[in-house]
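Letter by letter, the chains look like this.
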Amino acid sequence: MQLTSARGRPGRARLRTLAALSCALCACALLGAHARADASVTLGSGLFRESGGPLKMNVIMPSASANVELGEPVNLRVGWSADIVSGASVAVVDAPAANVDAISTATVKDTRHVFSGGFTLRDELGSVAVGYNHAFERDYRSDSFSVTARSELFERNTGIELSYSRAFDRVCDLAGTFEPVMKPRLPSSDGCFSEDKSRTERSLAIHTLQAGVSQAWTPQLTTQLTLLAQVLHGFQSNPYRAVRIGKTAAQEHQPSDRARYALGIGARYWLTPLSAALALEGRVYRDTWGITSLSGELAYDQRLFGEVRLRLRGRYYTQTDAAFFSDDYVLAPSGRYFTGDRELSSMHSMLFGLAFHWYVPGDASGRVLGVLERFTLALKGDLLKSAFDNFHYDRAEVPNTLAQVLTLELRAGF
Amino acid sequence: MRASAFFCELLLVVCALAGCATVRPEDKEHLAEPAMTWGSEDLGDEQERHVLDNREGSTGSGNTSGGGCGCN
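As you go down the protein sequences, you meet chains A and B in turn.
Going by the working numbering, the first sequence opens with residue 241, and the numbers climb by one from there.
Going by the working numbering, the second sequence opens with residue 169, and the numbers climb by one from there.
Derived by calculation from the structure, the hints in this document are not laboratory data.
Warning: the hint list may mix true and false statements.
What the simulated footprint calls covered on chain B by chain A, stretch by stretch (three residues with Cβ under 8 Å from a Cβ of chain A suffice, anywhere in the stretch; the number is not a length) [unchecked claim]: (1) 192-198; (2) 202-213; (3) 216-227.
Built from N, CA and C at the ideal position, the CB exists for glycine as well.
Work out the full structure: start from the sequences and follow the hints.
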């Protein structure tokens, strides 16, 4: 995500993006029709909004994907999504700011595209899925692949899944060699991934391994256990963010290695008299930067009438700060690293969500609107309120602590 | 290292217990409900996870698919 001088994105890139997406979706649809296969198309968009004082962030998240079942064993999928970002973020953390109106800001404007594709091979014993993602924006590139294998055992009462993904990311940064405390922040994304000698790219490698076991215990109770291990190596700082560490500000400097572990457990219980499901989930997380987090979530999913569902949800999250985090690096430095990332400070948050699903039933012939085999509409809204106990912009409290997320999804099956 | 060993042991215990429970196929009607199926995430759930990954210092909230209904 860039800080920019508000220049527009070249129209040619947008056209290329739309052309590639259209070709992929058309190919899937034609392939499905030709093979008389089961196909589905999903279109949707999300809106993230967070604001407070001079800081604001709006992200529009459109998305399109298609799936084609080519006979019993093979499923193909392609997709595209984007984050269209605009707003104002903090330029120099801990610059003098006695109140929120004095926080120095910079314009943020960028679009991140993600193209994805993959296939799944399936038989009676299980399935293997392979996927590839390519993401790009003006100052970031990412290529990643994933392999997921799963199987069902004990009369399909137990599901076991193992997945591995590897990402090759590249981040734009200032060219040259600097002492960390002397390195200025990247002023804008102008010149990134071009011949500009003042820009360079830093790499980031991400390995993620996840395992999961799900189990049906009774006709009303199912549980799941997930384990995640992730190793990151490379450039993990935000190149635009500067931190005051003395009389001057320097680009934030974070460790280049991080290992992250998470254990999640969940249970879902069907309340037969109410035709509703109760879900309880929890997660413990630790990493080598010193962050420990806990989260718990409770959800109630009510089948209202026919194929309409309403879900209410609440989630609580809390974390400790990173070992090298300090709220004031001038007075209380914490080792050789320094960061202005509020998400590395101790924090907690509450999330409240409401979701509505409507599985539109077919007519007498089993068709929806005469042509579709099935159609689903989903509308979801979340409110996220965060609190930062030990993070300030100089003396000013974090002003933008309330975020809203709204998502609309339409899914059609042919 | 101790944490990794603990996770592996936990996984083994859960796998060992798993075979003890059997739900017959004709009793899986409720387990096949979308609200009861693990991994039946829709776009809204994916985008929420994307937001939380960017607004928290941790990660790893995803669900795997499956859940014993035999419908995946």
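Going through the hints against the structure:
1. 192-198: holds (count 6)
2. 202-213: holds (count 8)
3. 216-227: Our answer is that it holds, as 10 residues pass the Cβ test (under 8 Å) against chain A, meeting three.
Comparing the model with each earlier hint shows no violations; every hint is respected.
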